[in-house]
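Chemist: What follows is the residue order along each chain.
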Amino acid sequence: DTAVSQTPKYLVTQMGNDKSIKCEQNLGHDTMYWYKQDSKKFLKIMFSYNNKELIINETVPNRFSPKSPDKAHLNLHINSLELGDSAVYFCASSQGPPGGANVLTFGAGSRLTVL
Amino acid sequence: GQQLNQSPQSMFIQEGEDVSMNCTSSSIFNTWLWYKQDPGEGPVLLIALYKAGELTSNGRLTAQFGITRKDSFLNISASIPSDVGIYFCAGYSPYGGSQGNLIFGKGTKLSVKP
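Read top to bottom, the protein sequences are chains A and B.
If you count the first sequence from 1, position 35 lands on 117 in this note's numbering, and the numbers rise without skipping.
If you count the second sequence from 1, position 93 lands on 1000 in this note's numbering, and the numbers rise without skipping.
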């Protein structure tokens, strides 16, 4: 009974392709996030969504677009994939907006490899 | 932007030894969190700290929120092989660093020899 689940776990694709990663949380949380973990294991925020509205948008390329059909889902679409997009992408959720006592619960990650 | 300096970067220890790692910042934080990431998995919350000086334990793990609000440490006592993984500190800055989102340290990779 996974709290934050994301699919696929592994994704291998060619440069220039468009791909999506899906995320679902069953915790009843109001805020969802996407983090990128590079090869040095550094975790960097990409997006956060609160009640279906984008509340913070880090300066990521506009080839990346988050889409939230409802508060339990936050999907990540990536257009025109580049080699540098290869990384592990983590979805996370929290009860409220970032800050204070809102701890994040993470999914297991989706490893994207761009060839 | 604001950064968290986490050290050491990696540790190789013998089973049974105690471990200590810490995180520092040039500015104050009002929440400190410690996460552990196992290979192929996402980070899992170990301990959350919300007040300066707070000392909290979770089994063999103990973490403290520094009095200056600019640092935190995590101790693991009597390490066992399953303690292997990457430990991350993370925090929220009251100055809205990283646009208010949780800021992560670069991690401490722990290896335990049986």
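These aren't lab readings, by the way, just hints derived from the structure by calculation.
Some hints here could point you the wrong way.
Reference excerpt, derived from the structure (chain B facing chain A, CB under 8 Å, subset only) [what the hints assert, rightly or not]:
no.: 1; residue: GLU948
no.: 2; residue: PRO950
no.: 3; residue: LEU953
no.: 4; residue: ALA955
no.: 5; residue: LYS958
no.: 6; residue: SER964
no.: 7; residue: PHE980
no.: 8; residue: VAL991
no.: 9; residue: GLY992
no.: 10; residue: TYR999
no.: 11; residue: TYR1002
no.: 12; residue: GLY1007
no.: 13; residue: LEU1009
no.: 14; residue: PHE1011
Here are some chain A residues the structure puts well away from chain B; computed CB gaps all over 12 Å [as the list claims (entries may be wrong)]:
no.: 15; residue: ASP112
no.: 16; residue: GLN119
no.: 17; residue: LYS126
no.: 18; residue: GLU135
no.: 19; residue: ARG145
no.: 20; residue: LYS149
no.: 21; residue: SER150
no.: 22; residue: LYS153
no.: 23; residue: ASN184
no.: 24; residue: THR187
Everything numeric in this text was worked out from a predicted model, so none of it was measured.
Built from N, CA and C at the ideal position, the CB exists for glycine as well.
Chemist: Go through the numbered hints given earlier and state which of them the structure violates, listing their numbers in rising order.
Modeler: The structure breaks hints 3, 5, 6, 7, 8, 9, 11, 16, 17, 23 and 24; every other hint is satisfied.
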